[in-house]
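Undergrad: Going down the list, the sequences are from chains A and B.
If you count the first sequence from 1, position 163 lands on 163 in the numbering used here, and the numbers rise without skipping.
To convert a position in the second sequence, counted from 1, into the numbering used here, add 182.
If you are wondering where the hints come from, they were derived from the structure by calculation, not from laboratory data.
Note that beta-carbon positions come from the ideal geometry of N, C-alpha and C, so glycine has one too.
Careful: at least some of the hints might be erroneous.
To be verified - Anything over 10 angstroms on all C-beta distances counts as not near chain A; from chain B, calculated:
#1 ARG186
#2 ALA187
#3 ALA203
#4 ASP299
To be verified - Restraint-style ranges between C-beta atoms, simulated for each label pair:
#5 A:ARG112 with B:GLN212: 30 to 40 angstroms
#6 A:ALA28 with B:GLN212: 28 to 38 angstroms
#7 A:SER114 with B:ALA201: 31 to 41 angstroms
#8 B:THR238 with A:GLY103: 13 to 23 angstroms
#9 B:ASP363 with A:PRO78: 48 to 58 angstroms
#10 A:GLY82 with B:THR185: 42 to 52 angstroms
#11 A:GLY140 with B:ALA210: 43 to 53 angstroms
#12 B:PRO291 with A:ALA16: 31 to 41 angstroms
To be verified - Result set (SDA-like, lysine to any residue): computed pairs, CA atoms no more than 20 angstroms apart in a straight line:
#13 A:LYS62 with B:HIS317
#14 B:LYS244 with A:VAL24
#15 A:LYS62 with B:PRO313
#16 A:LYS62 with A:GLY132
#17 B:LYS244 with A:VAL52
#18 B:LYS244 with B:ALA210
Protein chains: 2
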Amino acid sequence: MLTRAEIEEAQARATAALAEAGIVLTQAEQREIEVADFGLSQLDETGLEVVVYVNTARVCAKELVLFPGQTCPEHLHPPFDGTPGKEETFRCRRGRVYLYTDGEPTAAPACRPSRADLGAYTVWHEIVLEPGDQHTITPGTRHWFQAGPDGAIVSEFSTESRDELDVFTDPEIGRATVVADA
Amino acid sequence: MLTRAEIEEAQARATAALAEAGIVLTQAEQREIEVADFGLSQLDETGLEVVVYVNTARVCAKELVLFPGQTCPEHLHPPFDGTPGKEETFRCRRGRVYLYTDGEPTAAPACRPSRADLGAYTVWHEIVLEPGDQHTITPGTRHWFQAGPDGAIVSEFSTESRDELDVFTDPEIGRATVVADA
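This is chain A alone, in the form it adopts within the complex (with noise of 0.2 angstroms):
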């Protein structure tokens, strides 16, 4: 849960930070910018700052901010409709992003979320994404990911996001963010 200041200061920070990285946003698009806390009410810690491009029925594009250490919590995207579900490519453009998917765990990773002790993260292969890196994940592959200590901006190339069907590894996180009466 958040308020409504916290989600319009995660906007201002993630327009702040898209705007020095030379991404330019429309008005209306920066006011639109999704604040997840995906139902933890710790945004620092795991949240993301999401703005969609375009989602159609066929194609998905969005930009991803993650403020300094911020984890986007661990989840798989499942068939839907007939279709094995979002194939999605994360380029790092900005900062460095540490991708963990299903594979050989890494023997020390760099990152540890806080509720990783709760069993709430299970896929350790590490992938270190830094500006002009990319790495496409499959439909049905866990994955989570944690910006490095500046932050990320990652863009994400995708089948169609149908976030609501997101399958997430802790049963206590609920995608969709809830706005705290004021």
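Start from chain A and add chain B according to the hints.
TA: Quick look at chain B alone, frame taken from chain A:
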């Protein structure tokens, strides 16, 4: 037809334009920038510089660089393999791009490509895109675009690209760039 030197010069110009816009490419990506002269051997007039980030059976993302006044000639994306054909969204990042599509012809269009008098351009509904503006082209929609006087950078988010299937209005055009012998 372009010489290897002309291709490398265009790649360097495109890389510089992207860098100026804050867009980071790997060294490998810089070397692989596609320089398309559409078979007309007049790259500064009719041409396009393309970075392909990803192109799978489901998703494609590219960065398009247009030099000042450069035109990507009129074409459409036909159905293939049981799909409706390529759906693409153009998002302007830098400069200005004049996009022309099927639809009500604009009374006084800003652009007049060099080969317009030969019947190579038939759609004249003008859409002006500046940084932060975008437009989605549905499959089968005839379109072409030209950069303003400062050139343009355009992000393209689409379904699978099968450039070799593109249908051009101008019968002189060949989509693949032929490299001249040194």
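Undergrad: Next step is simple, just say for each hint if it's right about the structure.
TA: Do the hints match the structure? See the list:
{"no.": "1", "hint": "ARG186", "verdict": "25 angstroms, holds"}
{"no.": "2", "hint": "ALA187", "verdict": "26 angstroms, holds"}
{"no.": "3", "hint": "ALA203", "verdict": "6 angstroms, violated"}
{"no.": "4", "hint": "ASP299", "verdict": "35 angstroms, holds"}
{"no.": "5", "hint": "A:ARG112 with B:GLN212: 30 to 40 angstroms", "verdict": "36 angstroms, holds"}
{"no.": "6", "hint": "A:ALA28 with B:GLN212: 28 to 38 angstroms", "verdict": "34 angstroms, holds"}
{"no.": "7", "hint": "A:SER114 with B:ALA201: 31 to 41 angstroms", "verdict": "37 angstroms, holds"}
{"no.": "8", "hint": "B:THR238 with A:GLY103: 13 to 23 angstroms", "verdict": "19 angstroms, holds"}
{"no.": "9", "hint": "B:ASP363 with A:PRO78: 48 to 58 angstroms", "verdict": "53 angstroms, holds"}
{"no.": "10", "hint": "A:GLY82 with B:THR185: 42 to 52 angstroms", "verdict": "49 angstroms, holds"}
{"no.": "11", "hint": "A:GLY140 with B:ALA210: 43 to 53 angstroms", "verdict": "29 angstroms, violated"}
{"no.": "12", "hint": "B:PRO291 with A:ALA16: 31 to 41 angstroms", "verdict": "38 angstroms, holds"}
{"no.": "13", "hint": "A:LYS62 with B:HIS317", "verdict": "15 angstroms, holds"}
{"no.": "14", "hint": "B:LYS244 with A:VAL24", "verdict": "17 angstroms, holds"}
{"no.": "15", "hint": "A:LYS62 with B:PRO313", "verdict": "16 angstroms, holds"}
{"no.": "16", "hint": "A:LYS62 with A:GLY132", "verdict": "16 angstroms, holds"}
{"no.": "17", "hint": "B:LYS244 with A:VAL52", "verdict": "17 angstroms, holds"}
{"no.": "18", "hint": "B:LYS244 with B:ALA210", "verdict": "15 angstroms, holds"}
In summary, the numbered hints that this structure violates are 3, 11.
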